[in-house]
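J.: So you can see what is in the structure, the chains are spelled out below.
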Amino acid sequence: MEFIIVKFVLVVVVFLVSLGIAAYSTYAERKIAAFLQDRVGPDRAGPFGLLQPLADGVKMFMKEEIIPTHADKGLFILGPSIMMMTACLTGVVIPWGSTLIINCTEYPVQITDLNIGILYIFGVVSIGVYGIMIGGWASNNKYSLMGAIRASSQMISYELAMGMSIIALVMMTGTLSIGEIVKQQQGMHWNVFVQPLGFVLFLICAFAECNRTPFDLPECETELVGVYHTEYSSMKLGFYLFAEYINMFISSAIISSLYFGGYNFPFIDQLGLPHNVLTLLGTLIFFGKVFFFIFFFMWIRWTLPRFRYDQLMHVGWRIMIPLALFNILLTAAIVLWQNGQFN
Amino acid sequence: MLNQNLPFMILATLSVFSALMVVLSRKPVHSVLYLIFCFFTIGGHYLLLNAQFLFAVHIIVYAGAIMVLFLFTLMFINLNKELEPHKTNLVKGAATIVAGTLLLIMVSTVTDTGNILPQQASTNEVGTVAVLGKKLYSDYVLPFEITSILLLAAMVGAVMIGKRIQIKIKHNEFNT
Numbered sequence: 001m002e003f004i005i006v007k008f009v010l011v012v013v014v015f016l017v018s019l020g021i022a023a024y025s026t027y028a029e030r031k032i033a034a035f036l037q038d039r040v041g042p043d044r045a046g047p048f049g050l051l052q053p054l055a056d057g058v059k060m061f062m063k064e065e066i067i068p069t070h071a072d073k074g075l076f077i078l079g080p081s082i083m084m085m086t087a088c089l090t091g092v093v094i095p096w097g098s099t100l101i102i103n104c105t106e107y108p109v110q111i112t113d114l115n116i117g118i119l120y121i122f123g124v125v126s127i128g129v130y131g132i133m134i135g136g137w138a139s140n141n142k143y144s145l146m147g148a149i150r151a152s153s154q155m156i157s158y159e160l161a162m163g164m165s166i167i168a169l170v171m172m173t174g175t176l177s178i179g180e181i182v183k184q185q186q187g188m189h190w191n192v193f194v195q196p197l198g199f200v201l202f203l204i205c206a207f208a209e210c211n212r213t214p215f216d217l218p219e220c221e222t223e224l225v226g227v228y229h230t231e232y233s234s235m236k237l238g239f240y241l242f243a244e245y246i247n248m249f250i251s252s253a254i255i256s257s258l259y260f261g262g263y264n265f266p267f268i269d270q271l272g273l274p275h276n277v278l279t280l281l282g283t284l285i286f287f288g289k290v291f292f293f294i295f296f297f298m299w300i301r302w303t304l305p306r307f308r309y310d311q312l313m314h315v316g317w318r319i320m321i322p323l324a325l326f327n328i329l330l331t332a333a334i335v336l337w338q339n340g341q342f343n
Numbered sequence: 001m002l003n004q005n006l007p008f009m010i011l012a013t014l015s016v017f018s019a020l021m022v023v024l025s026r027k028p029v030h031s032v033l034y035l036i037f038c039f040f041t042i043g044g045h046y047l048l049l050n051a052q053f054l055f056a057v058h059i060i061v062y063a064g065a066i067m068v069l070f071l072f073t074l075m076f077i078n079l080n081k082e083l084e085p086h087k088t089n090l091v092k093g094a095a096t097i098v099a100g101t102l103l104l105i106m107v108s109t110v111t112d113t114g115n116i117l118p119q120q121a122s123t124n125e126v127g128t129v130a131v132l133g134k135k136l137y138s139d140y141v142l143p144f145e146i147t148s149i150l151l152l153a154a155m156v157g158a159v160m161i162g163k164r165i166q167i168k169i170k171h172n173e174f175n176t
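Protein chains in written order, with my numbering: chain A, 1 to 343; chain B, 1 to 176.
Just chain B, same shape as in the assembly:
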């Protein structure tokens, strides 16, 4: 039993450690790098559940694309110690209470569910590409297509925001 759980234990320790380091690191760039590492360990969990496609997409989209953009912005804004924004004790206290309440809710949810039956994850084929693709395009075709519309809307929104800034700059140049 222990031998079977060993990969999970190692991965889980690493994910919790890296997740903690995201919050505890002093430098923002280190935080982002720990977050990327955290994504990798979560990808490892997907692999243990035999969800290979999810693993690959998780790495490509989250670790490979989104976090690169995060790192991009952080490298550009160049946060210094002097410029670091300091929050008041009131805000810090409020944040602690909110986060603590969230933790309470999550813990209570997990304890209320009772025994979660272990699925035969390593033997099922749901996570492989062929099965997943067939499921997505037959049983879940409507939610899948609606998600794509959502993504399209987000994309159009991003383009609109980018355009508005450009117009403003042109306007200013015209005035001066």
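One chain only, chain A, in its complex shape:
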């Protein structure tokens, strides 16, 4: 019984935290954009404009809800729903912290540690494509359809390179469970030091999967109006935009836990603090890493221009995939050498 309560609380907390962080990412994005462009940014709603996400949310809900006459109504509503659902699903397998001891029982701060954790994430990400495709098609608008097709072909192309960059990591760690991968990175043994190429590839693919600049072709207003969400209004549009920020948060969390040690930090054993305090400290540090990567996402957005569509495909298929394959071969050779196969 207690087990169920702990898990339930954890699910609710992870859900609320993802939504909260996604909401404040919109604020952070505008503030960082303002900082990089030497402006002030939002500063009217509340102190330092801190209530801006709330105001935006209310605005989104108050807008008129329009469903185009010739749109496929059921699918039109299904599109943003899938998008939001898949965005919230991935938080389940991420280890947010080590373990908490309550009443002499150890509870991991992770909703579930599937032994196929990484594959689960890939499965959910591949469903996410449908949110865009269905939304774009159901709108019955040529711009929407073009945008949807662009977005999904981009996501499929980069999913391949992403999967391959992860295979090298799985070969090093010998497990698909994310909890186990984080545990192996005790102290300063972060995977980024042994898999630098894999990390760079994964980071680039994460940008492409989240449709962030320089890969925001699905959202390029100058060519395709508003792309796959051209016909959407009110909170349905809000969900599409909001899901993007949740995805960004989750990608940052995945990058931090796979390559930057998750909740581990150096000298963790030498502090001499009680176990629960260490766990909370680890969680805080994990969120610090996550926030850094969210900042990094935004930093790139306001620094680099977007690719042309053919350049995007060229990078995806001709550069990323061969590099990922090379990385797999290199990793395989090193693993064999470490196991003494070449002696």
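Calculated directly from the structure, the hints in this document are not laboratory data. Just to be clear, a hint being listed does not mean it is correct.
Straight-line distance between alpha carbons at most 30 Å, and here's what the computed DSSO-like set of lysine-lysine pairs gives [to be verified]:
| hint | chain 1 | residue 1 | chain 2 | residue 2 |
| --- | --- | --- | --- | --- |
| 1 | A | K142 | B | K27 |
| 2 | B | K27 | A | K73 |
| 3 | B | K92 | B | K163 |
| 4 | A | K183 | A | K63 |
| 5 | A | K73 | A | K142 |
| 6 | A | K7 | A | K183 |
| 7 | B | K134 | B | K27 |
| 8 | B | K134 | A | K183 |
| 9 | A | K63 | A | K73 |
| 10 | A | K59 | A | K183 |
| 11 | A | K59 | A | K142 |
| 12 | A | K73 | A | K59 |
| 13 | A | K183 | B | K163 |
| 14 | A | K142 | B | K135 |
| 15 | A | K289 | A | K7 |
Remember, predicted model here, so these are calculated numbers, not experimental data.
Assemble the complex: chain A is given as a structure, and chain B must be docked to it using the hints.
T.: Coordinates of chain B only, in the frame set by chain A:
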């Protein structure tokens, strides 16, 4: 017993329903979406059998990759009511007979097998990644590698088909 079978019953109903809807839907895009849903319910069956790896791969490959391509093509060809190809009654009758015969064969196979002993599926570990990987790379290594060659051949074939079209277009441009 009923409680144990409840998840299976719900999943089985959903799979049969979605499979029927694939055939019965008027719009091709709806058919494809029902097919995707059907794949998900079958993935659920794998999970009930404790085959987690198979579940994940099934979702990623079938629901995530192949069906996206299906949806892609369907969205592009834009089937209208007017352009819908109509089959003659002869073809319809022939198709019904063929499908009915297939059903008969399948039903007879199932009835001939007699009682299928229920495996202790939820407790065995065959479906987990570690066990499956060891099995694939030791006992079944030859079939596994041959399958990979088959996939490679299919890939080369796809590239060849794509290339031939490109050459044809260039040739036409040269002529005109």
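J.: All the hints need checking, so say for each whether the structure fits it.
T.: Here is how each hint holds up against the structure:
| no. | hint | in the structure |
| --- | --- | --- |
| 1 | A:K142 / B:K27 | 18 Å, holds |
| 2 | B:K27 / A:K73 | 14 Å, holds |
| 3 | B:K92 / B:K163 | 36 Å, violated |
| 4 | A:K183 / A:K63 | 47 Å, violated |
| 5 | A:K73 / A:K142 | 17 Å, holds |
| 6 | A:K7 / A:K183 | 20 Å, holds |
| 7 | B:K134 / B:K27 | 44 Å, violated |
| 8 | B:K134 / A:K183 | 24 Å, holds |
| 9 | A:K63 / A:K73 | 19 Å, holds |
| 10 | A:K59 / A:K183 | 43 Å, violated |
| 11 | A:K59 / A:K142 | 28 Å, holds |
| 12 | A:K73 / A:K59 | 23 Å, holds |
| 13 | A:K183 / B:K163 | 48 Å, violated |
| 14 | A:K142 / B:K135 | 49 Å, violated |
| 15 | A:K289 / A:K7 | 24 Å, holds |
Against the hints set out earlier in the document, violations occur for numbers 3, 4, 7, 10, 13 and 14.
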